[in-house]
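There are 2 protein chains.
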Amino acid sequence: MKRMNLTQKWLLVILVWKFSLASSAAISYDEGSSCGYKSCNPVKDGFVNVHIVAHSHDDVGWLKTVDQYYYGSNSDNQKAGVQYIIDSVVDSLLRDSSRRFIYVETAFLWKWWLDQNDKMRAQFKQLIENGQLEIISGGWSMNDEAVTHYQSIIDQFTWGMRKLNETFGKCARPKVGWQIDPFGHSREMAFIFSQLGFDGVFLNRIDYQDQDKRRSSSSLEMIWKSSGSLENNSDIFTSVLYNHYSPPPGFCFDILCNDDPIIDNPESPDYNVERKVNSFLQYVETMKTNYRTNNLLITMGNDFNYQDADVWFKNLDKLIKYANQRQNDSSKYNLLYSTPSCYLNAVHDESSKKKLTWPVKTDDFFPYASDDHSYWTGYFTSRPTIKRFEREGNNFLQVCKQLYALAGLGSEEEDNLNSLREAMGVLQHHDAITGTEKQHVAADYARLLNRGFNQCSTATKTALNKLANNDTNNSSTAVEYQQCQFNISECTVSENENSFVVTIYNPLSRPVNNYVRLPVLHDNYEVHDPEGKKIATETISLPKAILNIPGRDSKATQEILFLAENLPPLGFKTYYVSKTEGVVSNKTHQEFQANPNKNSNGDVEVTKGDIGLTYNEETGLLTGIKMNGEYIPITQKFLLYRGFIGNNGNSANRSSGAYIFRPNDSNVYTVSEKATIETYLGSLIVEIRQTFSDWISQTIRLYCSENFVEFDWIVGPIPTDGGNGKEIITRYTTTLKTNSTFYTDSNGKEILKRVRNFRPTWDLNVFENASGNYYPVTSKISIRDETNGLEVAVLTDRPEGGSSLSDGEIELMIHRNCFADDSFGVGEALNEYAYGKGLVVRGSHYFSSGSFLKLTGDQTLASQQKDIAQRKLLRAWTFLAPTDGLSFKEYKEKHVLQYEGLVKALPKNVQILTLEPWIDQSFLLRLEHVFEVNEDPHWSSNQIVDLNDIFTSFEITSIEETTLGANQLLKENERLYFTRETNECRFDWKNANKIYDATKKLKIELMPMQIRTFIIDIKKK
Amino acid sequence: MKRMNLTQKWLLVILVWKFSLASSAAISYDEGSSCGYKSCNPVKDGFVNVHIVAHSHDDVGWLKTVDQYYYGSNSDNQKAGVQYIIDSVVDSLLRDSSRRFIYVETAFLWKWWLDQNDKMRAQFKQLIENGQLEIISGGWSMNDEAVTHYQSIIDQFTWGMRKLNETFGKCARPKVGWQIDPFGHSREMAFIFSQLGFDGVFLNRIDYQDQDKRRSSSSLEMIWKSSGSLENNSDIFTSVLYNHYSPPPGFCFDILCNDDPIIDNPESPDYNVERKVNSFLQYVETMKTNYRTNNLLITMGNDFNYQDADVWFKNLDKLIKYANQRQNDSSKYNLLYSTPSCYLNAVHDESSKKKLTWPVKTDDFFPYASDDHSYWTGYFTSRPTIKRFEREGNNFLQVCKQLYALAGLGSEEEDNLNSLREAMGVLQHHDAITGTEKQHVAADYARLLNRGFNQCSTATKTALNKLANNDTNNSSTAVEYQQCQFNISECTVSENENSFVVTIYNPLSRPVNNYVRLPVLHDNYEVHDPEGKKIATETISLPKAILNIPGRDSKATQEILFLAENLPPLGFKTYYVSKTEGVVSNKTHQEFQANPNKNSNGDVEVTKGDIGLTYNEETGLLTGIKMNGEYIPITQKFLLYRGFIGNNGNSANRSSGAYIFRPNDSNVYTVSEKATIETYLGSLIVEIRQTFSDWISQTIRLYCSENFVEFDWIVGPIPTDGGNGKEIITRYTTTLKTNSTFYTDSNGKEILKRVRNFRPTWDLNVFENASGNYYPVTSKISIRDETNGLEVAVLTDRPEGGSSLSDGEIELMIHRNCFADDSFGVGEALNEYAYGKGLVVRGSHYFSSGSFLKLTGDQTLASQQKDIAQRKLLRAWTFLAPTDGLSFKEYKEKHVLQYEGLVKALPKNVQILTLEPWIDQSFLLRLEHVFEVNEDPHWSSNQIVDLNDIFTSFEITSIEETTLGANQLLKENERLYFTRETNECRFDWKNANKIYDATKKLKIELMPMQIRTFIIDIKKK
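Line by line, the protein sequences are chains A and B.
Letter by letter, the first sequence follows residues 1 to 1021 of UniProt numbering.
Letter by letter, the second sequence follows residues 1 to 1021 of UniProt numbering.
Same shape as in the complex, but just chain A (with noise of 0.2 Å):
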């Protein structure tokens, strides 16, 4: 590794210096400070060097909340108690310098700092200086990969290595990603972790299939090209875990085990050094066939081990003292206490030194299998709901961030902010969004996503007030913004109100268009836009389906809807609505018209603005959807799957549950072959409400102006009926001819090419047909006819479990219950209820399609696409607030009606992925490109984006690059460099980022898929 030189070492510490104003941790920073790679214990030349890595697997909340694991409390669900683990390593690591240990989830650890007193927080810091106690991955949880979304992935790593960096300094910066339980890893997480400036990752769970071939060719160890366009600043040396992340049989020497101890006194008859000792060697003897250095990481912990971490240290003592004895007697290993980082970097100097040549990986690891009947596709959907509330999450964490940034909020509001901050950080856990936690955690996931939405309403409220009102000087005129659920069209504002504003902030980084609907007990209301213009309004009542939805609370059966226009980045605008009295002329009643019109197939026809669809009026089912000038055939339907019920006593017993995905057989069941139909044409929208069953119905819906059709569906309760679990599934089915092959995204970001019942690296074997085809769809699945150059695609506004199980199809599940638990550990069967009925799931599918070659206009699909999953995903947030009787013109008076945040739009492919409030006077400021290279002709090229002058609230004073995570000046961020067995040529970050260093001059270049993370000091407008 090439050493920082002085003036590196200089800005740093300046760097540092600033980041940890809040902090004492700065002060104990110097030259002299022993942690990072030098802190490792000492390898030995000529032995296998076995890295005895001590560790406890922390969840985030599973069996238990994350209080209750943080406490140790709910005992008879699981016993584990956080807060002990921190204390008792500490007690332990100070016995003996020699000893090591890694802590991984931030969340726990600042619950743990804020209850220290100043004793145990000064030994902490000790602890972390030199390096015995070392801080690896760093994010507020250890997030899954599957469902979860790059921009959540990124504040979370963002937010963990913030309180680190503030705490503890420098000597606490994850150098290592330690993702070792959720279950399947993404490429994009790989991509993460090498924007982070990590020079490695460590994984665990990867398919039983993939992991023997690796075993056996020693490639378990690997350079994981992580992302399709940045192609050389993407490798991320990738290592995956031997034994689970357990002790070797016998060895586990937690309070929570049931292993002997060493007992060292040869007057005892259970005397057992030697038995122990040999069965260790036996075991690492084995391992070292499958790796390729003399370097072997062995992990020692589990879940929640290190309650009483004496227990564990005092054995590890003994075994690495009298395993090394043994080399006095020619034994070839020697243990030593270490870290991840630090046997990555033993390998990394035994690589350099014997010029050892990695294996590389351009796929993911999804999806997981752990045996020929466990694919763990499950969770791509378990608990749906909680998927959708976690996105919302994001989207307003989005906006309360920008906002509390632009309207220059002060310490005040902090809590506020990091209320919501925290709980997406959680919300991320490998068992919080994947749904894999017991029932009684998911509703403390909300209840704490809930918190931190009211707390960051409090913000925007404020934010809000600062930016709209007119007199700045009186407080009296401010404005009660408040929320409402559109989800279940619930709105206390709207249907108590005979007047009220609509405050729509959007948060991407250009003008966007977006329709409201708001519910409302009365038929007539006017709508003002910002400049007083009565714009185009319509009431639609709602559908059966949804004022049936359990807990809903609302009297209103009816919704208006408008479009508003235009909102410009980063800004809002607010409309003024009013009841009238009588019929106004803006009201239309064209709803539920039979027989429009018929095409020559006879199936009905309808169409809104370039987009039309038809279906059969006898079954009441799509037929085909026109759109960028392409008729595709489609059908839609609904179909479930049975889930298998069985003892989880092997595999082959092994039932479906909130992990697994297992039908019951090879067949999948029609909820019903007809719909009844009903049909909506409005002027602003037309609507064909599909009712299939008592439980399930569809709008399929088309906007005037908008470049997709919309499915809005409804799904539950499942009937408990018939003994199976029930998964439910829409599958769209085209006459495209796709050659086994789709496309599922990665977070949200890349797309990976999936092949039927195929693995790029390895000869598959599939026994479950429907499940081993199955990938997580967190934003978007799609297929292509190739002759015909068609493209159909479908975006989530959540993350689901998606395939194309023949060609043509799409298919994506949307709800599950099951019956049974699947034995990984939860312990409950997944059947969720709420308000004491089954489970009532409220989604959206955005789909598109046309020809992926021609243009359409000026976009290409993959354009389209784009923004409808950027406008999907970052949603014009919509605040509504009584007028107290305020007139238009009044309120006006009072009130600013529309703001700008950015001066001007970015360009189409670039946008702002974060803008927040850092230290002090300083944001943190991320750029992404948002295509990926040949994704667009025009798009996918480097784009400039000049940052001068773009705010209009503030002005940039100055701007550092960092790593990812923000923790970091990019510039001084050395990565450990693995050489790839391909003959490709090593990617020199260092002169990279001078390459694109044109932060001086306020001009950042964004190459396809890059981010770029600044923090900026600001000087308010």
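Think of the hints as simulated: they come from the structure by calculation, not from any bench.
Check before you lean on any hint, since a few could be wrong.
Since the list can't tell identical chains apart, any single copy or any two copies may satisfy a pair.
[Stated by the list, open to error] Below, computed lysine-lysine pairings styled on DSS-like, alpha-carbon distance capped at 25 Å:
(1) 318 with 119
(2) 321 with 119
(3) 579 with 892
(4) 288 with 318
(5) 533 with 753
(6) 332 with 892
(7) 288 with 353
(8) 854 with 355
Based on these hints, arrange chain B on the given structure of chain A.
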């Protein structure tokens, strides 16, 4: 409490310094030491002070062996590792100086100490010295009180306290007894605590009816008058715990418990501070009504708690903090970390201030019942062979210590001696000698004790060689002293050698006669006494039952018998035995004669010397015994109870088990109404050999110069037919009118009166007629006919449960098997096997009868029995050695054949209880007066022993009297004084010491039952 004056302190420092040569602890001693009562956290006036006592109850073996408990192995049996307990407690105490912890079992503490590095040792000492870690009780184990012998209890305390003194110095000196788990409490134990100089003792397990009454009458705390002889000197304040030794329900914060921690983050949905504090204060409020002072002791711990001490202390910290915050809100409770001694001191302060008086207890707490049907009287007999083995251990330990001291062995033999000291300390544990451990643990106790025997055999061999070698410069004459398995008539030397020597060492302080029986393969042997005189022998065939004992590995079918006369006090005689050819004159073959004399009832009458017995020829049963001039009609039979088998779901379903004796019904079943009989009439002895069944046989034996009848029974394997376990008793039925009354000893010392279906301190309701009237018989049970002045006593060779269920009867339970566990924790049915068969037990009862009013020659019946008891407890120990072909003359030339340790015998009423090597050139010497007040008209008077020139091998150069445990100068000991409710005056302990302090003249006066302990410096003669 009265403080020491300066002179006293200086003396103390000197003494401690001397005691602590082997340790650096002494160096840290100074006037500034802050341990003792002054280190207690202060109580708060005007409040109810709630003393939070953090403790761990660490059984020295139970479900796991001692080593398994120490190391924490065999976790499937129990999750318990003492090494971790002490480790983690140290860490927790270091974190907060207000925290307190007590430790009890020195056996574990010592194991731990040996494992520690200097840093840990220093920290531990620091905690001892600042009073945070208080050692209480301080024995090697927490001994049982029912089946232990006072000599061994004193030894185990002496050994434990010596280790404490040497290692940690004064601050580790225990101040109170802590007997919280033994299953009932003896008065003798209270006496020992008083003599150890303790200020009080804490108990737990008392009869549930007693507990109820004491609760309602606020007499859970009392003054225990612990001796009927040493009137005032023996008062000890006694406190019975409130809730077992457990925490209040809901407050077990151990890693082994599932109670919720205190969650004090008000943001948490699980915040529970108010609820927890309410519940705790409610608990103490109820508890308060049962105690007399404004101090309450709350035990916060349980079996093997505090392996992760942090879990406890963190939550106790919070409990104390938040409960005491209520004081601002008029709460009258003040919580503080405390210890039992600090609690006691606070009670004492309050008691003195308020002039409180306390109820007086004069009886004991046996038997212990925990509910209507759970009388803990089974363990009085459970595992009868280990109970005997332990007594052998005591016998040999005394021999070993004495020989060690007399021969002046040095440190090179220390480990050999300590091995048996430690094993005996372990055996006293309340799950060791009690038989309430698991089978594998019993095996380990036997292993430990056997190891102690073997190592002490090495020490005694060295000592005997030193004492017996005429030519000390010639080590080639070393004699290979060996030991035999006399209990199964197996002896390598006597069976295989043509000539061998028998060295018989007498550990009593007066000369004794001793019959020697040696298994041999041939008929004819001659025996020469030390003077060369050929003495009478006879050869007797062995009963078949002995030959059949499983595991016996001997070809011997007969034994030679001779009488070793006048064995010198603390000395030995060596006899020379050689095989002869042909018939020799002294061989007697009178055995197995039929029909000797018959008396007027037609019963067969046999006599030997002054003792005779009669039996019925037809039934084979005993009909009477004549002894001390009185013929008493007696029948003796073996009977059995069938053990109850239930599911233990409630009291009525309690099974008979290792702890509990519970007959299935009110019947007792006769094994056989008849016995076949063989009679052996020898010149030295007479044997009536009875065979009751194929698993019960007995030899009734008369000796020519003994004053008891020996019942030598062999019982087992107990048949397993009939569904229930069988609990075997021997019952002696006489015609004595005993008025429901009988007498049993207390730990082998004072005698307590027992009345059937009666307890002295409450109105008893007995629901178990047999079991509820069982008492521990450690060494003696007797009945008296007050009208006729007759007494019948049975002395035992081991502890047994016994009773007198009808007037004139004595019964003793001698063996038992149970087919069910009694659900008090051991989790195994008590059903012992050895060598693949049900356990066979061999044992002896020594029967004594006569008038308790009239003198018999120069003896009273009492003094006869005292003599028997002592000779059976501390038998002359028989060593054998080959002569290597030396003739008697040749052997005698090279060896001393007779040795006297004492210049003159001690008076009959005084005994050297202990003579053992102490630190450096000092010895520990204990003298005891063996008679009770009024027991014997002559011997019950005070006795002066002149120690001048009493030992043959050394003289006493200085002498210091100490407390019984030898860990404090007696004159420095001051105990806390409490006032009896009754109007008796306080005994002035300090002046008492002065009265008896004749140490300067080496003339020691002993009062009845008094034990005085001295450290003597010696000079070898």
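Hint by hint, here is what the structure shows:
| no. | hint | verdict |
| --- | --- | --- |
| 1 | 318 with 119 | between (29 Å within a copy, 18 Å between copies) |
| 2 | 321 with 119 | between (31 Å within a copy, 19 Å between copies) |
| 3 | 579 with 892 | within (18 Å within a copy, 130 Å between copies) |
| 4 | 288 with 318 | within (22 Å within a copy, 49 Å between copies) |
| 5 | 533 with 753 | neither (48 Å within a copy, 109 Å between copies) |
| 6 | 332 with 892 | neither (82 Å within a copy, 63 Å between copies) |
| 7 | 288 with 353 | within (19 Å within a copy, 75 Å between copies) |
| 8 | 854 with 355 | neither (48 Å within a copy, 105 Å between copies) |
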